Amino acid sequence: MTIEEFKRDILRLQPLMQRTAEHIIGNPDSAADAVQETVIALWKQRATIKESKDLERLSLTIVKRRSIDQVRKEKPLLSIDAESLMLTEPPQDDLEERYQLARKLVDQLPKRQRDAILMKYEDGLSNEEIEKATGMSRTHLYATLSRAYSTLRNAIEQHKNELP
Amino acid sequence: MKEEKERNDDLKQLLDALEEHGRNAKRQQQLSDLIDQLAAQEKTVEVPRNRRKLVPLWWAMGAAAACLLLWLLAKPTTKQIPEMEEKNLVEVEKVEATDSIKIEEKDVVIVKPVVKEELLAEEMPAIPQKTPTMVRKPKMKVVEEKPEEPILAEVILTEPAKSTDTENIGSNTIPAVNETPADNQKPQRRVIRSLNLVCYECQKDPEYEFATKPNMDNKTLFGQPQDPNMKNGSLAFELKLH
Chain L
1 MTIEEFKRDI LRLQPLMQRT AEHIIGNPDS AADAVQETVI ALWKQRATIK ESKDLERLSL
61 TIVKRRSIDQ VRKEKPLLSI DAESLMLTEP PQDDLEERYQ LARKLVDQLP KRQRDAILMK
121 YEDGLSNEEI EKATGMSRTH LYATLSRAYS TLRNAIEQHK NELP
Chain R
1001 MKEEKERNDD LKQLLDALEE HGRNAKRQQQ LSDLIDQLAA QEKTVEVPRN RRKLVPLWWA
1061 MGAAAACLLL WLLAKPTTKQ IPEMEEKNLV EVEKVEATDS IKIEEKDVVI VKPVVKEELL
1121 AEEMPAIPQK TPTMVRKPKM KVVEEKPEEP ILAEVILTEP AKSTDTENIG SNTIPAVNET
1181 PADNQKPQRR VIRSLNLVCY ECQKDPEYEF ATKPNMDNKT LFGQPQDPNM KNGSLAFELK
1241 LH
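Those protein sequence lines, which keep their order, are chains L and R. Under our numbering, the first residue of the first sequence is numbered 1, with each subsequent residue one higher. Under our numbering, the first residue of the second sequence is numbered 1001, with each subsequent residue one higher.
Keep in mind the hints are simulated off the structure, nothing from the lab. Only a predicted model underlies this, so the values are computations on that prediction, with no experimental measurement involved. Idealized CB from N, CA, C, for every residue including glycine. Hints are supplied without guarantee of correctness; some may be wrong.
[Said to hold, decoys possible] Cβ-Cβ distance ranges computed for the label pairs, FRET-style: (1) R:Trp1059 x L:Arg72: 47 to 55 Å; (2) L:Gly26 x R:Asp1009: 20 to 28 Å; (3) R:Arg1023 x L:Arg147: 22 to 30 Å; (4) R:Ala1060 x L:Glu5: 34 to 42 Å; (5) L:Arg103 x R:Lys1043: 35 to 43 Å.
Please construct the entire structure, taking both the sequences and the accompanying hints into account.
Encoded structure:
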């Protein structure tokens, strides 16, 4: 498996590994650490991995073990049923569908409202950073975000009505 | 009121999806950087293993080649330094002068080639000169044609005494008293021996008198009994005089 193939498959599997780790650990940041350790372990075994299916299976096994180890480190007094956790399937998530819908509705907003929403939620910027980036005042930003929320609510309502 | 809450929940889910997607994008970017870093580390660790043996060798070879090139560029040549050329010319002239004198001493008759050699020394560049073999050959031929006769001694005797070096040599080429018949059979050797007997100081100072050979028939220079089988005792004494 080449480096490019490895990177492509790992980025494809990252949401699944993150969800699995979050399901076991319960903390997104600790789950992200477990995923990174899993990627390092997979990189060391890269020579033995030939197919993407093997990589997916191996990544899930490793991320579960790492997550259990992480829980044992953070909560040593907590009794963990490791065998059952190892057998649990990762939770299904419709994140991609929800994101596509959200992006579709956000793209219909006016430019200032769209930029403010994407900066605040997708890019994870704070209000102060958005004020500096856009040059808007705090009051103006609040007003813009409020109008954007109202427009999105109406758009969601309209979208629901359109569904069969 | 309930509808308003549902609408807010829907909006929250929508914004959460945006937020989660943004976080995942950041994490994927971090993972991508991590993989690139791992790949770079792998390259830095593995690639030098193959070249580790060669890299120092190439450095040494490059340094040696650079030093050699610098030395070749900085090396002074005779073309670059005219003083050296002149110095070499002077040295050649000196060599030629001494050679010509030797020729005069050995070949008593030939005097003109001295002038030719000097001219050559003035005109020729700084090239190591060979011994004048061209002058020696005719002399050797003459000697070989008449090996039994002391040709040079006779020629010198026919000429009157003059104030040149060659005449002094001629005057001293008279056969010595203690010369053996074997010396007469080898005129070349006689000439050489006669030349050896001539002292340079003697030529400058006409009042110089040769030291008489002490008669030490059966004793060495140090008074010890002479080995009867030893025949070059007199020759050793001559060397001592010089």
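Going through the hints against the structure:
1. Here the CB-CB span from Trp1059 of chain R to Arg72 of chain L is close to 52 Å, well matched to the stated 47 to 55 Å.
2. Take Gly26 of chain L and Asp1009 of chain R: their Cβ atoms lie about 22 Å apart, and the range 20 to 28 Å holds.
3. Between Arg1023 of chain R and Arg147 of chain L, the C-beta spacing of about 25 Å keeps the proposed range 22 to 30 Å intact.
4. Checked against the hint of 34 to 42 Å, the pair Ala1060 of chain R and Glu5 of chain L passes, with Cβ atoms roughly 41 Å apart.
5. Range check, Arg103 of chain L to Lys1043 of chain R: Cβ separation about 38 Å, and the 35 to 43 Å hint holds.
Of the numbered hints stated above, none is contradicted by the structure.
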